[in-house]
Every structure is written in structure tokens, then in C-alpha cells.
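Turn these sequences into a full structure, and let the hints steer you where they fit.
So the sequence lines, in the order shown, correspond to chains A and B. When we follow the working numbering, the leftmost residue of the first sequence carries the number 1, and every step to the right adds one. When we follow the working numbering, the leftmost residue of the second sequence carries the number 239, and every step to the right adds one.
Hints are computed from structural coordinates only; laboratory data are not their basis. Check each hint, because a few of them may be wrong.
Only part of the chain A face toward chain B is listed, based on derived beta-carbon distances under 10 Å [what the hints assert, rightly or not]:
#1 Y14
#2 C106
#3 S217
Residues of chain A clear of chain B, computed beta-carbon distances all greater than 10 Å [said to hold, decoys possible]:
#4 E2
#5 D24
#6 V51
#7 T60
#8 P73
#9 A77
#10 G92
#11 E98
#12 N99
#13 R150
#14 D205
All C-beta atoms in this analysis are idealised placements derived from N, C-alpha and C, irrespective of residue type, glycine included.
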Amino acid sequence: MESLLSVRSLQIRYGAIEAVRGIDFDIREGEIVAFLGANGAGKSSTLNALVGLVPVAGGTVVFNGSDITDWRPEALAPAGLTLSPEGRRVFGTLSVAENLMMGAYCISDKVAISEAWERVYSLFPILYERRDQLAGTLSGGQQQMLAVGRALMSNPNLLLLDEPSLGLAPKIVGQIFNLISQLRDQGVTIALVEQNVSMALEIADRGYVLSSGRIVSEGTSAELGQSGTLQSAYLGAE
Amino acid sequence: MDLLLQQTVNAIALGGTYALLALGLAVVFSIMGLINFAHGELMTIAGYVLMYCGLAGVPFVISVPLAISASMVAAVLMERIAFRPVRNGSGATMLVTSFAVAMILQVLFQNLISARSQAVMLPQILSDSVRVGGLVIGVNKIAAIVATVVMLVFLDWFMKHQKTGIAMRAAAEDFAVARLMGIRANTVIAGAFALSGLLAGVAAVLWVSQRASVDPLMGFMPVLKAFIAAILGGLGSLRGAVAGGFLLGFIEIYLAAFLPREFQEFREPIGLGLVVLVLLFRPNGLIPSAALKAEKV
Numbered sequence: 001m002e003s004l005l006s007v008r009s010l011q012i013r014y015g016a017i018e019a020v021r022g023i024d025f026d027i028r029e030g031e032i033v034a035f036l037g038a039n040g041a042g043k044s045s046t047l048n049a050l051v052g053l054v055p056v057a058g059g060t061v062v063f064n065g066s067d068i069t070d071w072r073p074e075a076l077a078p079a080g081l082t083l084s085p086e087g088r089r090v091f092g093t094l095s096v097a098e099n100l101m102m103g104a105y106c107i108s109d110k111v112a113i114s115e116a117w118e119r120v121y122s123l124f125p126i127l128y129e130r131r132d133q134l135a136g137t138l139s140g141g142q143q144q145m146l147a148v149g150r151a152l153m154s155n156p157n158l159l160l161l162d163e164p165s166l167g168l169a170p171k172i173v174g175q176i177f178n179l180i181s182q183l184r185d186q187g188v189t190i191a192l193v194e195q196n197v198s199m200a201l202e203i204a205d206r207g208y209v210l211s212s213g214r215i216v217s218e219g220t221s222a223e224l225g226q227s228g229t230l231q232s233a234y235l236g237a238e
Numbered sequence: 239m240d241l242l243l244q245q246t247v248n249a250i251a252l253g254g255t256y257a258l259l260a261l262g263l264a265v266v267f268s269i270m271g272l273i274n275f276a277h278g279e280l281m282t283i284a285g286y287v288l289m290y291c292g293l294a295g296v297p298f299v300i301s302v303p304l305a306i307s308a309s310m311v312a313a314v315l316m317e318r319i320a321f322r323p324v325r326n327g328s329g330a331t332m333l334v335t336s337f338a339v340a341m342i343l344q345v346l347f348q349n350l351i352s353a354r355s356q357a358v359m360l361p362q363i364l365s366d367s368v369r370v371g372g373l374v375i376g377v378n379k380i381a382a383i384v385a386t387v388v389m390l391v392f393l394d395w396f397m398k399h400q401k402t403g404i405a406m407r408a409a410a411e412d413f414a415v416a417r418l419m420g421i422r423a424n425t426v427i428a429g430a431f432a433l434s435g436l437l438a439g440v441a442a443v444l445w446v447s448q449r450a451s452v453d454p455l456m457g458f459m460p461v462l463k464a465f466i467a468a469i470l471g472g473l474g475s476l477r478g479a480v481a482g483g484f485l486l487g488f489i490e491i492y493l494a495a496f497l498p499r500e501f502q503e504f505r506e507p508i509g510l511g512l513v514v515l516v517l518l519f520r521p522n523g524l525i526p527s528a529a530l531k532a533e534k535v
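Quick look at the structure:
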């Protein structure tokens, strides 16, 4: 099966520091792929580089047949790739509905927009109830739903989720993960960066384990769950 | 009592003009962190368009929209030519660039037009006044108040109900995430400049209507005042800019009207002293910008 996203020798640098040192990975249509590893392993940097928020120092990124390595961030949502960023980053001074409207900013087809509204409001009924409320006044879990809903408004082929469970109560984390598998059932391909390894492996098809900017292990969720590399990656051993 | 009412009308008219200018500064600052000191030169450009239109015998109802359009076009060009190349520079780089733009334009006005003040022909009606109850109110004051209200209502509608306006608010809060949504940086920034040019153009028409002349340095003082108003209101906050503009207008007019004569010489420092006093109690301004989260100890 052909890859939806194909990354080769990706390198990311912050000044002299090499955050990601030449990694290769593929994401195929319909999959949930988890990126695991300790803090500073380069997971978030990788997602941010894919959407152009941090510059790519080397390597290539091919999405849906086009080389998007040096594309500007605003060109990627229209192409079908979007990120729900770490820390949610909803627009706090905009209402819930305005946040969602911005998510659909790049779509001009009215029918597609109204379908996107329907899909997001049926996935997250709470967002419909709170549509006129300022996003900054929502609870953490609701803000996370809004961040994911906002990303979905552009009807992405590939959705990148950066730490969707960060800072949420365990019960809410369960809800968020349920939603992620619902999205896969609707045909959205998902790349997931997560600290919550057991939850991530539960819903993911495959995973990559990063340590110090390199991929140290990859495989199906079952394989990764059994292997010892995960523990060593988190404990920092090479 | 009548004197107080009379001065209140004056204060609203002046404060409204400051509010429009401060809003122009705030729209650009909230999006790209640039304090555009060349904002005043946009006013001067609009002023010169009014002057030339007057000389050419163009009716005022046509020269006003022409002047405002000229200011908008100049603002967009300013961004394209001067500010886009330094967009990712530090705040200081952009600030110095804006001073450079202001000075280049001032020198051009001095050499290509005239270093001296030029008279602007205005319709007679602007210098008339009407009696409302016991008050005598200048038509130009009424025009200033009406224009300010219209602009504020328009801006509020644009920012709340237009997709581009909402995108500008989103970009002001988190530019990187706004770009992720497909909101183009160039569109939002050019939009902010066009809006600031519109506000400067309207303010220029109101400013020139009060003094009937234009000179190369005309824009400097009002924009300095607008900058003070923007800080007083909370830099980067649009509501703050309006509040700060009106408060500064009230402070200036009331001090000029009610300060005893022997203190009039010290009117400006006393006014600025009041501004500092407000900032002592509200260091982030009257209505701080939501993007400003950092509290310094």
C-alpha cells in the first residue's frame, strides 16, 4: 500500500543543537501511527517540521505525492495536512464557533463547510452547547476537544495530534482517546505524539520510538508493547 | 455647566480622533509587534491629497474618499516595501525601520512639496456652528464625533462578523497556529495595514478640518499622542486603544479649559503626569491585551 506521508532522512536543528538526526518513517492511509519517547526525543519537533512551523534542516517530506518539505504552514491545511498543536493553543479571545470557523478558513466550498460543522458538532456536542462562549473560558478537556475539532474543520487527510492528553484528568483522557479511534473509523489518518504510552499503543496500529532524535524502534503496537526498547527509550538508555 | 458641556463635546471630538489613530497603531501592533511611527506620515499624505484636490477644485465629497484611499494605498505599500523584509526581525529593528520610513517621507514632502505649511481649502460649512440648547457646536466637531462613531461601529462589525476580521483577531493571539489553519500571513498583515491606513486617513480628514492646513511634520504630534493613548489603554488591545484615546482627549481638553491660567504653561507635563499616574495603578493599561500574559514583578 502506498504511503500517504513519507519522510526520509529528516533533520531538525535549533541553532547548534540537533533535535532530530535523520529519521525515516511512513504513514499509510487509514492508520493511526504513534510516536513515542521521552521528553526531548524530537517527537514534537518532527510534527512541527512536517507542518512548517520549524524549518527542516535536511531530508524530504512527501505528502500525497507532493514534496512539501519547504512549504509554508498556510499552504498545508488546504493540501489536507493539519496539526492540533501541543498545549491546545485555542484562540482564547475568540468564541468556540469562531475558533471552528477559523479551522475551516481554507475551505471555500459551502457544502463542505456545513458538513464539517455537522461532523464536529456531532463528535463534540459540548462544543455546540458552548458555541458562543469564549474559548479561553472552557475547561482543559473542552479546549482539547475544540483544538481537535478546529483541526478537523479543514477536512484533513492526515491529522497530526501533539500530546492530546497533556494535562487532562484520566476520565477525560479516555474520552479523547475514544474520539481518536472514532475519527479513524471515519477515515481520517492520524499521527499521534503521546506521553501516555499504554493508551497510545491501545489505539495505534503502529508506532515509532524516538530517543535523542533517532528512531530506535518501530513496529506494530503489539510488538512495541512487548519489546524492551520502549522502557530503555523512556529511561534514556541507548 | 454650559462650559463643561461645551468642553465635553470638544473632548469627545479630540479623543475620538486620538482613538482612531491609536486603533490604527494597535491593529498593526497586535498582529506583528510593530509600533509604526510612520503612521503619522499616512495622515500627512491624506492631508496633501486634500490640499491638491482643493487646488484642483475637486468637490470635498470626492476629495475625502480620495484622501482616505491614498492613505490606505500608502499603508499597504509601506508594508510591502519597508516592513515585509524585516518582518522576522526584532521589535527594535522594526521600530527603527518605521522611524526611517517616517523621516524619508518627511524629507520627500519638504523637498517635493514645500517645507512650509500649506493652506487646505475646506467647505464653508465646516467652519459654521450650530446651536444645540445653550451650546454652540462647530460643524467640524460634530463631523468628528459622527465619523468616529461610524468608524468604531464599522471596525467592531468587521472584526466580529467578517472572516478576515476574525482571522486578524486569531492571528493577533497566535500567529503560528493561525497560519496552520491556512490563514495567509501576508493577507492578514496587509489587511492590518490597509485598516490602519483607513483609520489614519479618516483621522487626517478630521485633523485637517480643524486646522485647515497641512505641513510635512503634521502627522508627528497626533501620532505621538496616539502612541501615548495606545499605551494608556493597553498596547495591542483594540478596546484599550479606544479607551486610551478618549481618556487622553478628555485630559487634554479639560486641562486646557479648567486649569488656572498660571498653570497653563505646565499643561502638557501635568497631562502626562496624569497618564503616568494611571499607569502606576494599571501598568498594563486600562484594558490590557489578552495576548499579554506575562506579569513582571
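To see whether the hints hold, each was checked on the structure:
At its closest, the beta carbon of Y14 (chain A) sits 15 Å from a beta carbon of chain B; the interface hint therefore is violated under the 10 Å criterion. A distance limit of 10 Å between C-beta atoms decides the matter here; for C106 (chain A) the minimum to chain B is near 3 Å, and the interface restraint holds. For S217 (chain A), the shortest C-beta to C-beta distance to chain B is roughly 30 Å, which exceeds 10 Å, and the interface hint is violated. Distance check for E2 (chain A) against chain B: the nearest CB is about 25 Å away, which clears 10 Å, and the non-interface claim stands.
Distance to chain B confirms D24 (chain A) as a non-interface residue, since its nearest Cβ pair spans about 25 Å, more than 10 Å. A beta-carbon of chain B is positioned within 10 Å of the beta-carbon of V51 (chain A); the least distance is around 6 Å. Taking the minimum C-beta to C-beta distance to chain B, about 21 Å, the non-interface status of T60 (chain A) holds against the 10 Å cut. Here P73 (chain A) does not stay apart from chain B, with its beta-carbon only about 4 Å from theirs, under the 10 Å limit.
Remark: the non-interface label on A77 (chain A) conflicts with the geometry, its nearest Cβ contact in chain B lying 4 Å away (cut-off 10 Å). With a minimum CB-CB distance of about 6 Å to chain B, G92 (chain A) fails to clear the 10 Å threshold, and the non-interface call is violated. Separation of E98 (chain A) from chain B is inadequate, the least Cβ-Cβ distance of about 5 Å not exceeding the 10 Å criterion. Some Cβ of chain B comes within 10 Å of the Cβ of N99 (chain A); the nearest lies about 8 Å off, and the non-interface call is violated.
Chain B draws R150 (chain A) into its interface by the beta-carbon criterion, the shortest separation being 7 Å against a cut-off of 10 Å. Consistency note on D205 (chain A): stated as away from chain B, and its beta-carbon is indeed over 10 Å from all of that chain's, at 25 Å minimum.
Violated hints, in rising order: 1, 3, 6, 8, 9, 10, 11, 12, 13; the structure is consistent with all others.
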